[in-house]
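Student: Let the sequences and hints guide you as you build the complete structure.
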Amino acid sequence: MTAPLARIDHLRITATGEDGCEIVIVPDATLSVAPGEVLALIGESGSGKTTIALSLLGYARPGCQIAGGTIEVAGQRLDTASAEELRSIRGRTVAYVAQSAAAAFNPSLTIMAQVIEPALIHGTLDRAAAETKAKDLFRRLALPDPEGVGDRYPHQVSGGQLQRLMAAMALITDPKLVIFDEPTTALDVTTQIEVLKAFKDAVRDLGTTAVYVTHDLSVVAQIADRIAVLKGGEVQELGTTEQILFAPTHDYSRALVAAAAPRTPAVAPAVEEKPLLDLWGVVAGYGGTNHDGSPRVKILDGIDVSIRRGQVLGVIGESGCGKSTLARVVAGLHAPTAGRILLDGTPLPPVVRRRSRDELRRVQMVFQSADTALNPAVSVGAAIARPLAFYHGMDRASARAEVARLLDLVRLPAALADRLPGELSGGQKQRVNLARALAARPDLLLCDEVTSALDPVVAEAVLDLLIELRRELGLAYMFITHDLEIVRAISDDVLVLYAGRVAERVTRDGLRHGAHHPYTRLLTASVPELRPGWLEETPARDAAAAGGARMRDMGCSFLPRCPKAVDACAAEMPPMLIEDDRRIFCHRSVDTLAGR
Amino acid sequence: MSRLAISGRIGLALVVLWVIVALAGPALAPHGVGEVVDLDVFSGVSRAFPLGTDYLGRDMLSRVLYGARYTVFIAFVATAIAVVTGVLLGLAAAAGGWVDMLLSRLFDIVIAIPSLMFALVVIAATGASIPVLIGTLAVIYTPGAFRTARSLAMGVMALDFVSAARARGEGLPYIVVREVLPNVTGPLAADFGLRFVFVVLLLSGLSFLGLGVQPPEADLGALVRENIAGLGFGAPAVLFPAVAIASLTIGMNLLIDSLPGRRRR
Ligand SMILES: Nc1ncnc2c1ncn2[C@@H]1O[C@H](COP(=O)(O)OP(=O)(O)OP(=O)(O)O)[C@@H](O)[C@H]1O
Ligand code: SF4
Ligand SMILES: [Mg+2]
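Keeping their order, the protein sequence lines are chains V and A. Counting from 1, one number per residue, gives the positions in the first sequence under the working numbering. Counting from 1001, one number per residue, gives the positions in the second sequence under the working numbering.
Derived by calculation from the structure, the hints in this document are not laboratory data. Honestly, I wouldn't trust all of these hints.
Said to hold, decoys possible - Derived list of chain V stretches under chain A, where covered just means 3 residues or more per stretch with a C-beta under 8 Å from a C-beta of chain A:
| hint | segment |
| --- | --- |
| 1 | 112-121 |
| 2 | 319-333 |
| 3 | 352-360 |
| 4 | 364-374 |
Unchecked claim - Some residues of chain A that are not near chain V, with every Cβ distance over 12 Å (derived):
| hint | residue |
| --- | --- |
| 5 | Val1019 |
| 6 | Ala1080 |
| 7 | Ala1125 |
| 8 | Ala1190 |
| 9 | Gly1234 |
| 10 | Leu1239 |
What the hints assert, rightly or not - Quick list of the computed label-pair ranges, beta carbon to beta carbon:
| hint | chain 1 | residue 1 | chain 2 | residue 2 | range |
| --- | --- | --- | --- | --- | --- |
| 11 | V | Glu423 | A | Ile1010 | 28 to 36 Å |
| 12 | V | Asp408 | A | Ile1250 | 49 to 57 Å |
| 13 | A | Gly1205 | V | Arg152 | 41 to 49 Å |
| 14 | V | Gly123 | A | Leu1116 | 34 to 42 Å |
| 15 | A | Leu1172 | V | Ile578 | 45 to 53 Å |
| 16 | A | Tyr1174 | V | Glu147 | 37 to 45 Å |
| 17 | A | Ala1112 | V | Arg12 | 56 to 64 Å |
Since the structure is predicted, the reported quantities are computational estimates derived from the model, not experimental observations. For every residue, glycine included, the Cβ atom is placed at its ideal position computed from N, Cα and C.
Tutor: Next up, the structure:
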């Protein structure tokens, strides 16, 4: 066996608790990574996978320290390295791709400036060469508009695009070892395939060695050569991917493999017939408007949506297709340029400013990233109390009791009210987020990827909570996600968006069989399966390679990726095909789409 | 409050020392500010005159103790005016729209004028007095404070919790005061310290050129100028005011460098 590129030997990491005593986070971990190998660290939240991965950067989170053992990367000892040495290693020898790209980018600098920064800091490339290289990486990572995306600012690209840009930032210095910390957790499935493929190619072409931290076994199956199963900061089992997936010996590995199986959908309560929210022909975009009043960059085009009281509508589509924009339009944060929004049959003004307090109260939004959705300077209690005072005019004393009740509703202890958001875990933050939205006593909750940044065990719990709340409070949700499994678990109806237009609307049960829009098919085929080699075999692989989706002015936007396209698709807007449980926008007949 | 690093403590000690001197200087001074107490001029360090005497034979220690209050007071008031104005306007501009356009262009113009030249022209035209000095310094340093506050606030404005507040229907004043301000106070405090240092240096420079505080009063910069003839004799009279300026500015820099986390997380 060749000498390992990175080695962790009897690593021990401890933290100092609030009462001053020592907490052991990683008791004793030993592992090694061979050159050109991809090692996956897998385990649930709190299993220490990120902590161990970060130690390969010579980094321990604030309050933690590396208490023993040796860490060696490319012949350099990291545990004994000085701050100066570590600075020259980080970003150069070892690069890091974080879980939340949104938090890693500075919102006020252009993307290009930030992507090439590591190369400039370490002096590996001059500015011009770095920019060329960055554009090449953008292309490899299948980003739309690789030439121009660098001139944008982080808030102008979608969450999924930002994650790939961050990978470009890490790869720009050709590091020896790249640490990927849940890099695809927040991505939609079709993008995930592209990114996984890009990572695989990068690893092969550049000879990069990688440590891949994730909780998703099916992702690991595609990318890793070896898997280390972690629990409580210890390596439970270390073996080749095949061995762990098909012949796990350790009990805990067996449990993990079992948990990766699909979950059964919840039984839906009865839904009232009365429509709650209606969107008619909504058009929205960015960059100002043209003379005819249409947006310069059109993101949503002619969206019709209707949600009945107590109904859960799942909105699914790939990164950048306009899901968040849709939620922002409904919330009044982004004015549509055409179309109407009706709440209970009465028109809703397009922007927040002109909506009445009661209209505002009835539609509440829960934001995509729990990290930035809470003000770090405001305590949990105060954050939840604000809507109580704002919408219901509650005084301090009654608000306090209500806050406790709301915290209980989202299954959090009342004592949490005095904490700041920085002192909460990801799952707790998302619950507080939810409690703040519930405080308004809304009729409709807009949930934008509320579980996608959470690890599966926590996401599962939040999802269960949402299902329960719906039953208890009769809430309607617009549930935005890129995860087909989650849509299947929670929604009554599914709206499939593609490049800003509706591709299909289908009931949850209808999703499993019958005719579908070719994009819906691609989506279903993109959900990773728990076996190596799936990435190479899935029919979604080639279609996905067509690159980012773009809205076409004429005809069907899905045309470049569609295996069933006919001549009419390029010239005319697809008509609506009506079946009893679905509406499909496509030029082909229901029979053709059903494969009959 | 979390514990400061050692350099931060040195900085804090120096700043506190100068604040005490500014407040209580005259009470501590062994001699009057204009009193000629030595027959010799530019005499060296001695027990009677710990910092030597100046070009007229006045006690340097007393001169510095009196002079520091001008420097600290003028610089503090000018910085406070500049930062308060800059931050208020910067926060207003962060909301965007035409207010932002107008203010940004306006301050671009002010920034384009070389600051020393601006000060020289204003003071030459109106005569050097303390209000004029304060006003001039405040005008020079407002645009910088404005830009810092604006860009910090813009960064926070782009975050989801501000969107959440907007979606709730909160007005702009609430958003700026309750959501944005608490998240920028740390960096703004550091900015205040830094700007104070700039103001001290520019004020000392102006006084050194004879355009600052006028005789018989003297701030630290003017003390250097008065005694510049002593440079040839190696007189402490020219050294100590310069050391005083340096210790004040370095102390402030050390302190702000080690301010605890920019944001509470
Ligand atoms: N402020 C903006 N200015 C210009 N373009 C923007 C702006 N905000 C978003 N966009 C673009 O609009 C498109 C849709 O963005 P949106 O956030 O709605 O996507 P999404 O479907 O929610 O994606 P994800 O699943 O990645 O969150 C993207 O191509 C994005 O780059
Ligand atoms: S309209 Fe044409 S291109 Fe679009 S999905 Fe249908 S067959 Fe494919
Ligand atoms: Mg989104």
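Student: For each hint, tell me whether it holds in the structure or not.
Tutor: Here is how each hint holds up against the structure:
1. 112-121: Answer violated; 0 residues pass the 8 Å Cβ test.
2. 319-333: Since 4 is at least three, the answer is holds.
3. 352-360: Satisfied; 4 residues make the cut.
4. 364-374: Since 8 is at least three, the answer is holds.
5. Val1019: Holds: least Cβ distance 28 Å, greater than 12 Å.
6. Ala1080: 23 Å, holds
7. Ala1125: 39 Å, holds
8. Ala1190: 16 Å, holds
9. Gly1234: 40 Å, holds
10. Leu1239: 36 Å, holds
11. V/Glu423 <-> A/Ile1010: 28 to 36 Å: 32 Å, holds
12. V/Asp408 <-> A/Ile1250: 49 to 57 Å: Given a distance of about 54 Å, which is inside 49 to 57 Å, the answer is holds.
13. A/Gly1205 <-> V/Arg152: 41 to 49 Å: 43 Å, holds
14. V/Gly123 <-> A/Leu1116: 34 to 42 Å: 36 Å, holds
15. A/Leu1172 <-> V/Ile578: 45 to 53 Å: 46 Å, holds
16. A/Tyr1174 <-> V/Glu147: 37 to 45 Å: 42 Å Cβ-Cβ, so the 37 to 45 Å window holds.
17. A/Ala1112 <-> V/Arg12: 56 to 64 Å: 58 Å, holds
Going through the hint list in order, the structure does not satisfy hint 1, though it satisfies all others.
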